[in-house]
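Participant: The lines below spell out each chain.
There are 2 protein chains.
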Amino acid sequence: MFEADAIHQHIDEHLNEHIAKIQEYVRQPSVSGEDRGMHECAELLLSHLQRLGCAEAELVETPEHPCIWAYYDAGAQKTIVNHGYYDVQPVEDEAWTHPPFAAELVEMPPFKSVLVGRGSFNSKGSYRAWLNALESIIAVHGNLPVNIMFTIDGQQEVGSPHFPSFIRRYEDRLRTADAVLTPTPSQEADGTVHMFLGVKGTAFFEIECSGKAWGKGPQDYDISGGTKAFVDSPAWRMIHALASMTSEDGNTVLIDGFYENAVPPSEEDMELVEKLVESFDDAPWKEQCGVKRWMDDASGRELIMRYLFGATLNIDGIWGGDIGPARKSVVPHTVRAKLDARLVPNMGFTEIVNKVRAHLDKLGYTDIQFAQVTGYEWAKTSASEPVVQAVLDVYRRCGIEPAVWPNWCHSLPLYLFAGDPLHLPVCRGGLGHGGRPHSPDEYLVIEGNDRVAGLARAEKSFVDILHSYASA
Amino acid sequence: MFEADAIHQHIDEHLNEHIAKIQEYVRQPSVSGEDRGMHECAELLLSHLQRLGCAEAELVETPEHPCIWAYYDAGAQKTIVNHGYYDVQPVEDEAWTHPPFAAELVEMPPFKSVLVGRGSFNSKGSYRAWLNALESIIAVHGNLPVNIMFTIDGQQEVGSPHFPSFIRRYEDRLRTADAVLTPTPSQEADGTVHMFLGVKGTAFFEIECSGKAWGKGPQDYDISGGTKAFVDSPAWRMIHALASMTSEDGNTVLIDGFYENAVPPSEEDMELVEKLVESFDDAPWKEQCGVKRWMDDASGRELIMRYLFGATLNIDGIWGGDIGPARKSVVPHTVRAKLDARLVPNMGFTEIVNKVRAHLDKLGYTDIQFAQVTGYEWAKTSASEPVVQAVLDVYRRCGIEPAVWPNWCHSLPLYLFAGDPLHLPVCRGGLGHGGRPHSPDEYLVIEGNDRVAGLARAEKSFVDILHSYASA
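Chains as they are written, first to last, in this note's numbering: chain A, 1 to 472; chain B, 1 to 472.
FYI, nobody ran anything at the bench for these hints, they're computed from the structure. Careful: at least some of the hints might be erroneous.
Note that identical chains are pooled: a pair holds if it fits in a single copy or bridges any two copies.
Unchecked claim - Okay, derived cross-link-like pairs now, SDA-like style, lysine to any residue, Cα gap no bigger than 20 Å in a straight line: (1) Lys78 <-> Cys54; (2) Lys212 <-> Asp249; (3) Lys286 <-> Thr252; (4) Lys362 <-> Ala243; (5) Lys112 <-> Pro284; (6) Lys112 <-> Asp190; (7) Lys292 <-> Asp367; (8) Lys212 <-> Ala95; (9) Lys380 <-> Val60.
Just need the whole structure built from these sequences, with the hints factored in.
Facilitator: Following this line, the structure appears as structure tokens:
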């Protein structure tokens, strides 16, 4: 017998403690891309999992930042894999209203209290709320209703370079699991819920155009701009190489075969799309993205289709030459750009990197060099899976009919679970709300309103989801 | 009677003092673009001019950094205008072997002693050497052989925004002058001398492509890269806007009418070119530019023609989005680029900026905004001018037959003197050598060799040039 009410009451009675635990975790910076606070944060999370009562709990060292493996043995019939990550995106050059690692509780209309901080929502604060829920279950019930394998990445925000080998290491254990389940705050600012049954694959890479590799233009340093009359420019070369990759509006990729392996949406996909169209409102998206007009002024079904099935090539950043405040006339010797591609079924990560390389080679840009290549594959779970139905059940009991999306516009390396060889169904969900991931003033709602669950209700929903799946 | 030998001897006897004065001046940073040390440097130079015996010497305040006006009244028949500037380019992000403001004397093969520092050659060290020469003349002779109007810019390296109004202020005085003469070390590393009778005009501007101005894409901050599937990208927009401006090799400007006012070289120009071709060797240029191959593998006459008469559009720098060491997947809300155009007769600075603007407008890039627009016009002096002949005369007496170039690939606002309304002939020249302007380890030769004049011989040549012009 799962004592839901008693557990809910325990959450209410220990809410301040729960908030303090989130603050402690968010205040420990863990910027993987800058190697800032990573080991400290891993140790902190490990100690949380040990205190939870995991029979196994260990840092798993990698060539960079550690992953974490932990196993809670409930002696239960069902076993879930819980997928998390403890790293966050950098904050440099961002204009935060509140310090990004202070985890301050502030009013942010329409919410009376949110916790502001890098990782408050994506994903440290959300994840610690999940651990709070587990602690309350154990405090009341003495045990969990399912066994849990915790698989925690330390470099999700930089493309998870070592997570695949970590997962391979525990492959035999993970084969025995039934599903991947990651309870997390999933309400929009207006209280609606979107469930995402898939993720896009991604390919990250830097390209560098340098006089050195080209054999033309300035070789080792930037030279005076007056020489442009007789010296080639790696900067113009980079501009034209990049321009060759897309249509003039930047929205259609012109690389040979880029889209050729994208498969049309399935019947289930299109059924879900038709349902989505009925109640779709893009206003909250506009608010959250800080965008006034969508690409091609798309709306309704068209916007949904792009969101779900659009494969992209994006410039994350570009820099070279004189980028300081002063004016300095130079022919730059090097220009670099960071790009990422987002991939839908069945586009492959390595395939796409190779196609970009082939495109550059075909146009004679053989000297343009790739660096920092990383990425992963897309993943997809059917709406009919019991773990998905269990989460839907909890929403519906709360009077929420979620919008079920067959894919997500963002990327997570879920293919490691959903793809070969494990083929586990993967589901995320829960009440609660946070916003501005990867942006200034990222937040997690602490005190909710009549539409959005506050932290306590969010944690309770995590409890209910676990119960729903265990008893299904 | 001009006592040349005695003055030369005075230079030899006071060389260490002269070096110390150069060091004092170079060690005072004066980075106009970063507002670093500007007023201190202006005061320092002013004090030098006062000590020289200028009857008038004053800082002339501008909305940014002061210019300097000084007048040395020798009671002579002829009056020259001396044009200088006391600011230098930034050093940030440059890899210097010696600290850029230490003015260290070091060995730099093939030279036993050079003074290394930002501005050592361009132009503070060189300019202080000229003042050293004047001090020695006055020390020996009690007076100078010509009257000198010193017109000194504080923002040459950022496009001289306030120099034109400074010159206008002294227009009536400058009308009474006979020529502009700026003695400066002009030997190459192999001892050869190049005289440049013109300068190109220049247009500097920044362009900014932002979601805000566009009304599309991210408005106020960078947003997650996954949104590229349905959000427009100001970064791709900037790439395509820039790509539209040149041919694929970056070397032909495709902006309507960009070249239309460029006039063909004159007869005198082509006579000078034919002479240049005879002895032209590009090896020292390659060494100085750190370039292996010229544009289109040009050589000889073709290379000279591009150098002299090539009008260009150059990307000085470009930056936007994630340019940090970490990987951050974002759709950038803003990308900026700094560009400069170099202009030959009769291309106008304002004309070219307007044409770039019209080009962007024609293609629909009306939202791309211009900032930091500044620049100036080309200038040209005939080889037949007495001031040019006076300088040539000194070279020839030293056994040097200079290569006379009807134009220069670089820019200086000499049009203020050579153009309307003053129409003064303008000439620069002298022995001595320095290198790497705008680049790390910029240097001025202190101890010469059998081909290149050291500091003492350079200062002596400045003395001789003044004498040659005074007595012509």
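Participant: If a hint holds in the structure, say so; if it does not, say that too.
Facilitator: Results for each hint:
Taking the shortest alpha-carbon separations for lysine 78 and cysteine 54, only the intra-copy value of 16 Å comes in at or below 20 Å, while the best inter-copy value is 95 Å. For the homomeric pair lysine 212 and aspartate 249, the shortest alpha-carbon distance between copies (17 Å) is at most 20 Å, but the shortest distance inside one copy (31 Å) is not. In this homomeric assembly, lysine 286 and threonine 252 never come within 20 Å of each other (Cα to Cα): the closest approach is 22 Å inside a single copy and 41 Å across copies. Taking CA atoms no more than 20 Å apart as the test, lysine 362 paired with alanine 243 passes in both settings, with 14 Å inside one copy and 19 Å between copies.
In this assembly of identical chains, the alpha carbons of lysine 112 and proline 284 lie at most 20 Å apart only when taken from the same copy (19 Å versus 70 Å across copies). Taking identical chains as interchangeable, the C-alpha atoms of lysine 112 and aspartate 190 lie at most 20 Å apart only when both belong to the same chain, with a minimum of 15 Å there against 75 Å between chains. For the identical chains of this complex, lysine 292 and aspartate 367 are inter-copy neighbours only, at 15 Å across copies versus 39 Å inside a copy, given an alpha-carbon limit of 20 Å. Proximity of lysine 212 and alanine 95 under a CA criterion of 20 Å is satisfied inter-copy only: 17 Å between copies versus 36 Å inside one chain copy.
Proximity of lysine 380 and valine 60 under a CA criterion of 20 Å is satisfied in neither setting, with 27 Å inside one chain copy and 71 Å between copies.
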